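K.L.:
Just so you know, the protein sequences line up as chains A and U, in that order.
Counting from 1, one number per residue, gives the positions in the first sequence under the working numbering.
Counting from 1, one number per residue, gives the positions in the second sequence under the working numbering.
If you're looking for bench data, these hints aren't it; they were derived computationally from the structure.
In this text the structure is predicted, and so the values were computed from the model without any measurement.
Ideal Cβ positions, reconstructed from N, Cα and C, are used throughout, including at glycine.
Some hints could be false.
What the simulated footprint calls covered on chain U by chain A, stretch by stretch (three residues with Cβ under 8 Å from a Cβ of chain A suffice, anywhere in the stretch; the number is not a length) [as the list claims (entries may be wrong)]:
1) 18–30
2) 71–83
3) 106–113
4) 126–138
Just some of the chain A residues that point at chain U, by a computed CB distance under 10 Å [to be verified]:
5) I23
6) F58
7) M73
8) K117
9) S118
10) E121
11) L172
12) Y197
13) Y202
14) A205
15) K206
16) W210
Away from chain A, derived, C-beta distances all over 12 Å, residues of chain U [claimed, not checked]:
17) S6
18) L34
19) G47
20) A64
21) V67
22) L68
23) H99
24) I158
25) A164
26) A180
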Amino acid sequence: MTFDWLVVWNNIGALLDGVKVTIFLAVATMAIAVPGGILLAVMRISGIRVLSAIATAFTELFRNVPLILVIYMAYYELPVMSGLSASPLVTGLIALSLNVSAYNGETFRAGIASIRKSQSEAAYALGMSPWQAFRIVVLPQAIKRVLPVLASTWISLFKDTSLVSVISVGELSYAATRVRAQTFRVLEVLTAMAAIYWVLGYPQAKLVDWINHRWGRAE
Amino acid sequence: MEFDWSPVLDNASFLLGGLELTLALSLCSVVMSLLVGTAIGLLRHYGPRPLQLAIAFYVDSMRAIPVLVVLVWTYFALPILTGAVLPPFWAALVALTVHIAAYVAEIVRAGVSSIRKGQLWAASALGMSLWQALRTVILPQAVVRMLPAFGSVISIAIKDTAIASVIAVPEYMNRSQTVAGQTFHPIEIFTVAVAVYFLILFPVTRIVDFAYGRLAHLGRS
């Protein structure tokens with residue numbers, strides 16, 4: 001058995017291009033899913049039946065269906081529903097955002113619920129409107145409190161971006177699949193892919209531990 | 001938009017065969033992950049220092065590497081290294097267990113370390129061995145505390161079996177893709193798939209939550 005690790009080095013450019021797309025997908029998804037999650041949480045606690053029912057249905061649906069299926073659904077459904085043909089990258093981004101928004105919605109809901117009611121009441125007593133009280137008093141504390149959970153979600157998201165390779169988005173695992181097909185060096189390329197994910201993900205996992213240690217609340 | 005559900009009905013037995021495999025793979029992965037993960041978690045907490053460090057490295061590595069990568073590596077790369085070719089189902093079971101056991105290990109470690117140390121000391125003072133203390137004092141309380149986290153792990157494991165479709169395990173996701181490709185009715189096929197997975201996953205998480213609600217008092221000390 002001979003290994004040819006030079007293959008990895010010769011194709012490092014293609015793999016690093018994949019890394020760029022992976023990072024872009026993770027960042028862009030989080031940028032959409034944090035506001036999306038806050039919106040869902042606000043809908044859930046709004047007290048308006050219709051809104052909270054929609055948010056609940058959305059959350060339960062996307063938390064109880066495999067992400068890979070959501071990705072396929074988005075791939076086939078979006079062009080039919082919107083009449084537009086979105087690029088695989090945009091389709092993948094939408095599918096990931098739907099999934100992560102559902103998780104963030106639950107996270108923010110728990111975070112907001114953990115801020116004592118007397119804080120809003122004190123804000124009302126100072127003459128703030130409910131929206132002001134929420135925005136100025138409750139939300140900043142809730143965000144701080146859910147930071148460790150958001151960090152864990154980030155790690156999951158970073159790994160889950162690999163799933164959009166099934167609709168040919170050119171992120172790291174898709175790039176590795178192509179290099180593998182071109183070079184026939186299966187072991188070397190797949191090991192390199194795993195190693196690259198490890199190098200990117202390991203420090204992040206450690207950082208999450210630190211954030212948990214620093215800001216996490218023991219119950 | 002016109003829907004035609006006949007492709008789903010025409011291929012019902014083919015899809016049901018996939019569903020069977022999804023359930024089998026889910027059950028096997030969950031059981032294996034819980035067993036292996038519990039052993040690893042206990043070793044990380046009570047084992048010798050070098051072993052603890054090695055396990056910590058394994059757990060953090062699994063947190064860093066996507067399950068898709070573990071699956072693909074186990075199926076395509078491992079046979080080159082070892083010469084032993086695993087059929088897709090077994091490769092998927094090995095990969096999912098290796099990945100999910102790491103999460104279980106963390107949960108077990110957190111659960112066990114949440115039981116106050118005084119309890120272990122008290123058990124030791126009564127002449128119990130570590131194993132006896134674990135079995136009769138620590139674990140019965142810790143397991144109840146771990147229930148909600150186990151619930152999420154079971155849900156994650158079932159969802160992860162769908163990713164095994166990429167290494168051609170003919171489970172429900174894989175068969176849905178096949179039927180979608182053959183009939184050109186992907187929307188109907190995948191809509192049914194969403195319903196199928198939802199109907200499996202939603203009750204699982206609810207049952208675990210319900211059980212925890214009933215048993216939570218047993219975990220208090």
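K.L.:
Take the hints in turn and mark each one as holding or not.
P.N.:
So, going through the hints one by one against the coordinates:
Counting residues of the stretch 18–30 of chain U whose CB lies closer than 8 Å to any CB of chain A gives 0, which falls below the minimum of 3, so the coverage claim is violated. For the stretch 71–83 of chain U, the stated coverage by chain A holds: 6 residues have a C-beta nearer than 8 Å to a C-beta of that chain, and at least 3 were required. Counting residues of the stretch 106–113 of chain U whose beta carbon lies closer than 8 Å to any beta carbon of chain A gives 0, which falls below the threshold of three, so the coverage claim is violated. Note: the stretch 126–138 of chain U has 0 residues with beta-carbon separation from chain A under 8 Å; the three-residue rule is not met and the coverage is violated.
At its closest, the beta carbon of I23 (chain A) sits 14 Å from a beta carbon of chain U; the interface hint therefore is violated under the 10 Å criterion. Look at F58 (chain A): its Cβ only gets to about 13 Å from chain U, farther than 10 Å, so that hint breaks. Hint on M73 (chain A) holds. Least Cβ distance to chain U is approximately 5 Å, under the 10 Å limit. Annotation: K117 (chain A) was flagged as interfacial toward chain U, and the flag is violated, the nearest CB pair being 23 Å apart, outside 10 Å.
A hinted interface residue such as S118 (chain A) counts as satisfied when its beta carbon comes closer than 10 Å to some beta carbon of chain U; here the least separation is about 27 Å, so the hint is violated. Checking E121 (chain A) against chain U by beta carbon gives a least distance of about 29 Å; that is not within 10 Å, so the hint is violated. The beta carbon of L172 (chain A) is positioned within 10 Å of a beta carbon in chain U (closest approach about 9 Å), and the interface hint is therefore held. Taking 10 Å as the C-beta cut-off, the interface hint given for Y197 (chain A) holds, the closest approach to chain U being about 5 Å.
Checking Y202 (chain A) against chain U by beta carbon gives a least distance of about 4 Å; that is within 10 Å, so the hint holds. A hinted interface residue such as A205 (chain A) counts as satisfied when its beta carbon comes closer than 10 Å to some beta carbon of chain U; here the least separation is about 4 Å, so the hint holds. Taking 10 Å as the C-beta contact cut-off toward chain U, the hint placing K206 (chain A) at the interface holds, the least distance being around 7 Å. With a cut of 10 Å, the hint placing W210 (chain A) at the interface with chain U is violated, because the nearest CB-to-CB distance is about 12 Å.
In this structure S6 (chain U) is separated from chain A by more than 12 Å, as the shortest Cβ-Cβ distance comes to about 18 Å. With a minimum CB-CB distance of about 20 Å to chain A, L34 (chain U) clears the 12 Å threshold, and the non-interface call stands. Every CB of chain A lies more than 12 Å from the CB of G47 (chain U), the least distance being 20 Å, so the non-interface label holds. A beta-carbon of chain A is positioned within 12 Å of the beta-carbon of A64 (chain U); the least distance is around 3 Å.
A Cβ of chain A approaches the Cβ of V67 (chain U) within 12 Å, the least distance being about 7 Å, so the stated non-interface status is violated. A Cβ of chain A approaches the Cβ of L68 (chain U) within 12 Å, the least distance being about 5 Å, so the stated non-interface status is violated. Listed as a non-interface residue, H99 (chain U) fails to keep its Cβ farther than 12 Å from every Cβ of chain A; the least gap is roughly 10 Å. At roughly 8 Å from the closest C-beta of chain A, the C-beta of I158 (chain U) falls inside 12 Å, breaking its exclusion from the interface.
Not every Cβ of chain A is farther than 12 Å from the Cβ of A164 (chain U); the closest lies at roughly 10 Å, contradicting the non-interface assignment. With 12 Å as the threshold on Cβ separation, the claim that A180 (chain U) sits away from chain A is violated: the shortest Cβ distance comes to roughly 8 Å.
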